[in-house]
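Model the placement of chain H on the given structure of chain B, informed by the hints.
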Amino acid sequence: MFPNAFEYEAPTSLDDAIRLIREHGYDAKVLAGGQSLLPMMKLRIAAPAVLIDINGIDELKGWREVDGTLRIGAMTRHAELEHARELADSFPLLSRTARWIADPLIRNRGTIGGSLAHADPGADWGAAMLAAGARIEARGPEGSRLIPVDEFFVDTFATSLNEDELVVAVHIDKPTGPVAARYMKLERKAGDFAIAALGVQVELDSNGRVAKAGIGMCACGPIPLRATKAEAALIGQPLTDETIKTVSRLVPEDADPTDDLRGSAEYKRDLLRVFASRALHEIAEELKGKVGGQ
Amino acid sequence: MATVFGKAVKRREDPRLITGHGQYTDDVRLPGLLYAAILRSPHAHARIRKIDTSQALRHPGVVAVFTGQDIQGKMGTIPTAWLPPDSGIVTPPHHALAVDRVRYVGDGVAMVIAEDRYTARDALDLIQVEYEVLPAVVDQEAAMQEGAPQLHDEAPGNVAFHWKVGNFDPSAVQDADVVIRQRFRQQRLVPNPMEPRSAVADYNPATGEMTMWLTSQNPHIHRFLLSGILGIPEHKLRIIATDVGGGFGSKIPCYPDEALVGFAAKTLGRPVKWTEDRREHFMATTHGRDHYDDVELYGKKDGTILAIRVRATANMGAYLSTAAPGVPTILFGLIISGPYQIPYAEADVYGVFTNTTPTDAYRGAGRPEATYLLERMVDLFAREIGMDPVEVRRKNLVRAEQFPYNNPMGLTYDSGDYHGALHKALEMAGYAEFRRQQEEARRAGRLVGVGVTTYVEICGLGPSQVAGAVGFQGGLWESAQVRIHPTGKVTVFTGSSPHGQGEETTFAQIVADRLHIPVEDVEIVHGDTARISMGWGTYGSRSTPVGGSAIALATERVIEKAKKIAAHMLEVGEADVEFEEGQFRVKGAPSRQVSLGDVTLQAYLAWNLPPGVEPALEGQAFYDPSNFTYSFGTHICQVEVDRDTGEVKILRYIAVDDCGRVINPMIAEGQVHGGIVQGIGQALWEGAHYDEQGQLVTGTFMDYAMPRAHFFPTFETAFQETPSPHNPLGVKGIGETGTIASTPTVVNAVLDALSPYGVRDIEMPLTPERVWRAMKGAQEA
Numbered sequence: 201m202f203p204n205a206f207e208y209e210a211p212t213s214l215d216d217a218i219r220l221i222r223e224h225g226y227d228a229k230v231l232a233g234g235q236s237l238l239p240m241m242k243l244r245i246a247a248p249a250v251l252i253d254i255n256g257i258d259e260l261k262g263w264r265e266v267d268g269t270l271r272i273g274a275m276t277r278h279a280e281l282e283h284a285r286e287l288a289d290s291f292p293l294l295s296r297t298a299r300w301i302a303d304p305l306i307r308n309r310g311t312i313g314g315s316l317a318h319a320d321p322g323a324d325w326g327a328a329m330l331a332a333g334a335r336i337e338a339r340g341p342e343g344s345r346l347i348p349v350d351e352f353f354v355d356t357f358a359t360s361l362n363e364d365e366l367v368v369a370v371h372i373d374k375p376t377g378p379v380a381a382r383y384m385k386l387e388r389k390a391g392d393f394a395i396a397a398l399g400v401q402v403e404l405d406s407n408g409r410v411a412k413a414g415i416g417m418c419a420c421g422p423i424p425l426r427a428t429k430a431e432a433a434l435i436g437q438p439l440t441d442e443t444i445k446t447v448s449r450l451v452p453e454d455a456d457p458t459d460d461l462r463g464s465a466e467y468k469r470d471l472l473r474v475f476a477s478r479a480l481h482e483i484a485e486e487l488k489g490k491v492g493g494q
Numbered sequence: 036m037a038t039v040f041g042k043a044v045k046r047r048e049d050p051r052l053i054t055g056h057g058q059y060t061d062d063v064r065l066p067g068l069l070y071a072a073i074l075r076s077p078h079a080h081a082r083i084r085k086i087d088t089s090q091a092l093r094h095p096g097v098v099a100v101f102t103g104q105d106i107q108g109k110m111g112t113i114p115t116a117w118l119p120p121d122s123g124i125v126t127p128p129h130h131a132l133a134v135d136r137v138r139y140v141g142d143g144v145a146m147v148i149a150e151d152r153y154t155a156r157d158a159l160d161l162i163q164v165e166y167e168v169l170p171a172v173v174d175q176e177a178a179m180q181e182g183a184p185q186l187h188d189e190a191p192g193n194v195a196f197h198w199k200v201g202n203f204d205p206s207a208v209q210d211a212d213v214v215i216r217q218r219f220r221q222q223r224l225v226p227n228p229m230e231p232r233s234a235v236a237d238y239n240p241a242t243g244e245m246t247m248w249l250t251s252q253n254p255h256i257h258r259f260l261l262s263g264i265l266g267i268p269e270h271k272l273r274i275i276a277t278d279v280g281g282g283f284g285s286k287i288p289c290y291p292d293e294a295l296v297g298f299a300a301k302t303l304g305r306p307v308k309w310t311e312d313r314r315e316h317f318m319a320t321t322h323g324r325d326h327y328d329d330v331e332l333y334g335k336k337d338g339t340i341l342a343i344r345v346r347a348t349a350n351m352g353a354y355l356s357t358a359a360p361g362v363p364t365i366l367f368g369l370i371i372s373g374p375y376q377i378p379y380a381e382a383d384v385y386g387v388f389t390n391t392t393p394t395d396a397y398r399g400a401g402r403p404e405a406t407y408l409l410e411r412m413v414d415l416f417a418r419e420i421g422m423d424p425v426e427v428r429r430k431n432l433v434r435a436e437q438f439p440y441n442n443p444m445g446l447t448y449d450s451g452d453y454h455g456a457l458h459k460a461l462e463m464a465g466y467a468e469f470r471r472q473q474e475e476a477r478r479a480g481r482l483v484g485v486g487v488t489t490y491v492e493i494c495g496l497g498p499s500q501v502a503g504a505v506g507f508q509g510g511l512w513e514s515a516q517v518r519i520h521p522t523g524k525v526t527v528f529t530g531s532s533p534h535g536q537g538e539e540t541t542f543a544q545i546v547a548d549r550l551h552i553p554v555e556d557v558e559i560v561h562g563d564t565a566r567i568s569m570g571w572g573t574y575g576s577r578s579t580p581v582g583g584s585a586i587a588l589a590t591e592r593v594i595e596k597a598k599k600i601a602a603h604m605l606e607v608g609e610a611d612v613e614f615e616e617g618q619f620r621v622k623g624a625p626s627r628q629v630s631l632g633d634v635t636l637q638a639y640l641a642w643n644l645p646p647g648v649e650p651a652l653e654g655q656a657f658y659d660p661s662n663f664t665y666s667f668g669t670h671i672c673q674v675e676v677d678r679d680t681g682e683v684k685i686l687r688y689i690a691v692d693d694c695g696r697v698i699n700p701m702i703a704e705g706q707v708h709g710g711i712v713q714g715i716g717q718a719l720w721e722g723a724h725y726d727e728q729g730q731l732v733t734g735t736f737m738d739y740a741m742p743r744a745h746f747f748p749t750f751e752t753a754f755q756e757t758p759s760p761h762n763p764l765g766v767k768g769i770g771e772t773g774t775i776a777s778t779p780t781v782v783n784a785v786l787d788a789l790s791p792y793g794v795r796d797i798e799m800p801l802t803p804e805r806v807w808r809a810m811k812g813a814q815e816a
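As given, the protein sequences belong to chains B and H, one line each in that order.
Each residue of the first sequence is one higher than the last, beginning at 201 in this note's numbering.
Each residue of the second sequence is one higher than the last, beginning at 36 in this note's numbering.
Chain H extracted, bound-state conformation:
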């Protein structure tokens, strides 16, 4: 059996997904199924004076209508599960339906349950709500001003938390030749996975058991939280999330809507389904990013960076979503010195309530924000001291011999060869040649530019002890169970919860590789709390380094046990047996062998097992990593700016990523492609926009510009492989690298193209008009 680790095995999930045979939550049909629709606040901030549901209740086909008052005391509030320490965090109650006050456009006000979806929707129009509209605030800095509308009594000044980290010391920057100060705006983004959120709940009053199909990245976390909210003990609550059509972070949180579906099913004794429509997704699914970052970089004329400081104000929206507080703090502040040997760093972060949709993790979660400001600052610094931006990076990057490397925030980067990735990417891009061409192009009146990003990503979340120390209200280990059936076929149960990343394939490769069996003989089971003992889910580029490692360990345990049985069958000591090519062989006498299949059968027949060995062949592992893993790499982009219209055209995009050992290069490359597109989406097109009254004016795909294929050239990607030293596979995460690296790469490339104009910054997204305005402003100045 040829090894399958490192092979571009085709994604086994694709045939079912692209032929319409996936089982998404909305595909679930149950006898007697009812449909829910949720009435959402049209106001950003208002007091609810009165709700009259009588007309809706009389509407034929309507089964029930619930308001915030109706559910008071009957179900719990929506929890926040990441509480950064020493941040003074306050978590005001988040009711599943607003009780007396709505705090953003989209806040749930009432839920209709009806016999079909059209009726449920029609009945929403029959609910009369009397609102007393209150002044709203949508901008986090405005919300912190004196006299700003206040969202929660518990949070004076609308401050949800204030968290600070770092070792910055004014005496450390006494020698600085230059200080660069710049303010950056991280605009607000809407995740927009293809599949909207959905939930189906089915309660069995006889047994007290509830089954919920859910669009979830982490079904066990949802079980844990929903158990508390619904008052259904965990062992009687089953969450199923097999096929999930993307999440990008938005399916981590525990939302009011899904909890309400569970409440309704339990209350009415009939199954209930709710699926958000795209408009609801825009207004009621968590958004991403939304920072102001005021940054200072201290450096010397020779290119040495001495320190970096950021004061960030993060817009948390109206309530603190499940993982939200960890995003602009832990996942952002701890990594702002990036891949560079910057001895002093500091992050000072305010999380602020506003009358907007709650924010939470969005692909990259905190790390794109950190990478963006750092890479932008490095380019500004290079410009200030008249040095090539690549040279500044080369000078400051952590060197290969310095690993493990401790950054100023206390993180230990496990392994790396940052200069190697930089060198490879520069070669691929022909950087020196490009700089020469750029001069020629400029003389010909063309505006071409190049951007280079060197990044490091904290991923493979993470050691549970650290999770606890940083206030994450859960563990971050992962479970795996590997079961070889009597016929030699294998079922793997994983606590990871892939929802588009292709781990049904890569995980099978891990097991097939170790057992020397065909990859088709391995089935991966995920996303079902009844079949999988425990799991912490898929986010933070953790599934392969943590979940995959658990699977590797569980597989090793199976082999260990099989080896004992094989030794018994071969009548030799265990130490004399080795496992190769699918055979257990006697060392030095390889013709004496038994196959894994024969051993497996004997394990189940149990006619003749060695003393003390139990029947069957299963391995289980609960793997808690000893450290995070740190993927890194270099991305390079070449752009041309249309001098007349401001349009940005991407000429070339080069990505060299190092995620340790690559299990499936095709899938890894696919993750890089998707990440690049999503990151460039932020750089050039996307942006959620509220007006002053708190109306979301980008509430449909007509108004919100998603990236489209025709904007992109063929990506030139390559991998460098520097194994992680601390997990059994030597792997790191690859799901978020593209999103982390591509945003600053493209923006820096555009600003490089515009360097004849001396433009320092253009706020994202860099729409043609903003670029045009920057050129015009520079010409007029």
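Okay, chain B solo, but in the shape it has when bound:
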């Protein structure tokens, strides 16, 4: 498990980082938390000639709320989001997802931006960001742009980032109504990638009906997928047993899982249904009595 030789750059500003990315192009890989990249290098599956380490760039760290939107710096570690109590009420998926990512050691190093940019369909943030309706902020030589998460993932390990762009932040709008979320995951062993996982976020209107719904599916396709049909079926409905049953059955319809060592496509589809049902029941329970109290 010994990587090839590589050059190492450690810029301290975003401009320097983007300049280096542009200069080295595909020969370079950006090193964020390194929890996927370094194992791949050790197995010599990845052999970048240059590593651009962005851990020294302060602008990429931490989060802040501006005008009803949360902006999370790309270098924010999973563990920081797992433990951020101040985000738990308005952005419940962050902590609920982060705690499922790998193990504590990996969560201490791995970053939300790195994970999204790596675009592993088995990574948990993709599904969660779909459910939360996030936008990815990319910075290139020409400046910044916001990419809706639905347009961000192109294929397995491929994103809509340009060759010279870097993920610098994730933007999530603050919900206006009562909100609850769940992240559900089945793994073969603690710390593993998901057999299948599901992120669900529901926002109610003042009548207790679903105003916004996000359902993202992990490890059930070449990219994180949105359960569009199920989301549509939720809008305007109260979270009754009947609704949940109907909606849960719709979730697998938008999934595209394959048979692999972790499980068969058939099983993964059924897990999605079970998770959707469980998540929505728990969300319904949590939101009970919260309507009108805002």
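Think of the hints as simulated: they come from the structure by calculation, not from any bench.
Glycine residues also receive a C-beta, built at the ideal position from the N, C-alpha and C atoms.
It cannot be assumed that every hint is accurate.
Unchecked claim - Below, a sample of chain B positions facing chain H; criterion: calculated Cβ distance under 10 Å: (1) 202; (2) 386; (3) 392; (4) 395; (5) 461; (6) 462; (7) 468; (8) 473.
Just chain H, lined up with the frame of chain B:
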């Protein structure tokens, strides 16, 4: 001095190991050290047409590159050291580097020696090998089919051996009311000790002496075998294996890689180190288990088991590893009647070559396979005749008054109280109450189940005469030397080779207890052939019953000699002296005494020794046990199955083990804990998987699911102590019991939970999906 035998003394090896001060093989640094890397076959089966090493040789920092052709005739082949008799066993040559053909993914093709490890690794990519890929076969039953790819000319049909044992007779089962037939799959497992394999070899051309640091469970066996392979006489070859980070059987064998390191050091005249990485461990360190077992059980409606038969096909991999042939034969077939009074039994075993990593002993080695099929069959039998599975066990277990008990394969179980352990475990589990709760839970739609295993383990390997009779190419006795220094401190040299089991502590307890001295005053030396005269190592739960007994005997010899000197000092006859509380006292006049310390000093000063007594104070013993020992016990597990996802949750786990007298309950319990986890690993998560082309698709920890702590509840363990009657300590082995008992316990518990669905079998590991599928299949049927 309070007795320390039976006390939970803290493990003395832990402070050094958990603070990073262990001396593992990879920690060895020598001046001028070179590093080896091994190029391994990417194909499961291929002819080597051409190897071009010129580019690698030109790479800066590369010192040498060796191929199979280069080493031909310069070093020996890798031997097989267990040859079960009357099995027609064939041992085709196993070259340290493939000469013209590779036979599994991971088979060594070339070795690079370089100034550092990165360079060695880089140079592997510069070696060009032209392969002619051949059809591969990974499944042992497929390998036995006509037309299957053939691995070795010496083994037509890929059969390495065919061994049969037993007294089964069709007339004996004429009265059977029921016959249960079931096929079981023992999946393939990867041992995965924390420390990977490693070797450092340092050759001194001036003296012809070679020192090798090695990850070994049995350094003297490695010395013996490597001496032959490398052509270095045994007295000039020193093997050091002091700190070894676990083995689980995988560090018993003599591997090509370690031998190559010795060859390279001797050839180049510079020390060489090689340490496998985890990927190499997955593909080139021996795997465990991998059987198909077709089993028949004959019984009567009243619960009596009349006979058990198994036809096993064991996947041996591409070559026969050192101890491998003994595992699915001797260690499996002789014990398939388990702890029960089953008068007739038979095991018919085929060992088969396939294009996979060689298999060998893996914690339990043969005995988990036997226990698994037997315990599964007992539950199926109970279900068939409508009797509680505990009742069937109670009815068939050998009774305490029947010991020593001869099983149908000719083994003599030394001692036991099987019903006692069963009773204790049932009490702890609240079995009757659980069955009541289970009914309630089922009515509430929950799937809970309980599994009960009663097992016996052949351990404490073993009488050397028997070893010879069963084809083990070595002895199984053990050596011990106990030296009291002039100041009263003690050094013990043992031929056992602990590598995580805590025997530096338990062995010290044995000696401190007998000499009435503080346990801190006893040092245990192991794992160095230059310091220890001879030893057969640590495996087969033998270290405490055999190695520990040797130490006890050697200590007795020291006391015997000291007593002679003490009697002389006290001016009384030897028969009038007794040793108690660290003092040699005149019987009837206890105020007349000399301490062990005073006697020891006199032994060394030798100013006034009794006639015929030599100076110094040492005892030596070479202990060959008269029988194996037979640990036994009952394990009980309660599980709940998630009806929607198939997930198995372990609610409670109860283990009552009887390993005779317990020297250190904390360490014994630790062994039970680790064993349980490893056995449940097989039941629920682990499994090595090859695709049809022979690629190992579970080649990293990402793909191979090891057990994790959060899966387990707190284990409820207890010991029952039925001493072994034939060794001086009354002890039996405890290192493998957990692994032997826990696998069927958990699987039976899951199947019990699923009994409303009528599921008979789920192939291990019982992943959520397999459980889900079993429920679904039953619903659809």
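Holds or violated: residue 392 of chain B as interface residue toward chain H, Cβ cutoff 10 Å? Holds, because the Cβ-Cβ distance from residue 392 of chain B to chain H comes to roughly 7 Å (cut-off 10 Å).
Chain H contact restraint for residue 473 of chain B - C-beta distance below 10 Å: At about 9 Å, which falls below the 10 Å cut-off, the nearest Cβ of chain H leaves the hint on residue 473 of chain B intact, so it holds.
With a cut-off of 10 Å, does the beta carbon of residue 468 of chain B approach a beta carbon of chain H closely enough for the hint to hold? holds, 9 Å
Grab the minimum C-beta distance from residue 395 of chain B to chain H and call the hint holds if it beats 10 Å, violated otherwise. Nearest chain H Cβ about 7 Å off; hint holds.
With 10 Å as the cut and Cβ atoms as the points, is residue 462 of chain B at the interface with chain H? holds, 9 Å
Classify the hint on residue 461 of chain B as holds or violated, based on whether any CB of chain H lies nearer than 10 Å to its CB. holds, 6 Å
Taking the closest Cβ pair, is residue 386 of chain B under 10 Å from chain H? holds, 6 Å
Status of the residue 202 of chain B interface restraint (C-beta, 10 Å, chain H): holds, 4 Å
Consistency note: the structure conflicts with none of the earlier hints.
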